[in-house]
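A.B. asks: The opening position of the sequence shown corresponds to residue 1 in full-length UniProt numbering, with each subsequent residue numbered one higher.
Worth flagging that the hints you see were computed from the coordinates, not collected in a lab. The reader is advised that the hints may include incorrect statements.
[To be verified] Computed Cβ-Cβ distance ranges for the label pairs, DEER-style:
{"id": "1", "residue 1": "51", "residue 2": "136", "range": "22 to 30 angstroms"}
{"id": "2", "residue 1": "71", "residue 2": "38", "range": "20 to 28 angstroms"}
{"id": "3", "residue 1": "20", "residue 2": "134", "range": "22 to 30 angstroms"}
{"id": "4", "residue 1": "132", "residue 2": "85", "range": "34 to 42 angstroms"}
{"id": "5", "residue 1": "91", "residue 2": "9", "range": "27 to 35 angstroms"}
{"id": "6", "residue 1": "134", "residue 2": "18", "range": "48 to 56 angstroms"}
{"id": "7", "residue 1": "112", "residue 2": "82", "range": "17 to 25 angstroms"}
For glycine and all other residues, C-beta sits at the position ideal for the given N, C-alpha and C.
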Amino acid sequence: MPPENNQIQGEGYLAVRTVIELTRTMDLLEDLLARHLAHFNLSQPKFNALMELYYAGEEGLPLSELGERMLVSRANITGLIDRLQRDGLVVRAVDPKDRRVIRAQLTPRAVQLIHGVLPLHMNLLKQATASLNPEEKETLIRLLTKLQEGLEKL
1 MPPENNQIQG EGYLAVRTVI ELTRTMDLLE DLLARHLAHF NLSQPKFNAL
51 MELYYAGEEG LPLSELGERM LVSRANITGL IDRLQRDGLV VRAVDPKDRR
101 VIRAQLTPRA VQLIHGVLPL HMNLLKQATA SLNPEEKETL IRLLTKLQEG
151 LEKL
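Could you put together the complete structure from these sequences and hints?
C.D. replies: Listed below in structure tokens is the structure:
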């Protein structure tokens with residue numbers, strides 16, 4: 001028999017339900033994206049790194065800055081760049097302004113891959129969010145941003 005506890009009713013119930021639904025949605029999105037990116041021999045972290053480097057331009061990014069943008073440790077970014085380099089998608093280059101800094105730069109092969117993946121990726125994201133109209137998407141973005149701001153204060 002369920003406990004007679006106000007913690008699991010009202011606000012408590014809604015808090016639990018919110019987290020469950022957010023988690024379930026994130027799991028579904030991660031699975032969908034993983035299956036999609038697997039067609040291109042990419043993981044989500046590899047894809048994210050390639051996109052950060054793509055939007056950074058030809059100079060690429062210092063490894064430390066790429067790690068900060070991706071919210072990963074120095075060791076994790078090093079391993080990720082090692083794997084991308086092994087795949088022929090990234091090269092390491094010494095920063096001409098500061099020889100102590102190593103930058104990651106995309107290879108022509110990576111740029112070609114991104115140009116092939118991006119239209120398909122954008123189409124998948126449109127399909128994934130097609131059940132929401134533009135106003136609902138804007139509301140969801142606003143609510144998620146508000147929730148993120150609250151979480152950052154904890």
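A.B. asks: So, for every hint listed, does it hold in this structure?
C.D. replies: The hints, checked one at a time:
| no. | hint | in the structure |
| --- | --- | --- |
| 1 | 51 <-> 136: 22 to 30 angstroms | 26 angstroms, holds |
| 2 | 71 <-> 38: 20 to 28 angstroms | 23 angstroms, holds |
| 3 | 20 <-> 134: 22 to 30 angstroms | 27 angstroms, holds |
| 4 | 132 <-> 85: 34 to 42 angstroms | 39 angstroms, holds |
| 5 | 91 <-> 9: 27 to 35 angstroms | 58 angstroms, violated |
| 6 | 134 <-> 18: 48 to 56 angstroms | 23 angstroms, violated |
| 7 | 112 <-> 82: 17 to 25 angstroms | 21 angstroms, holds |
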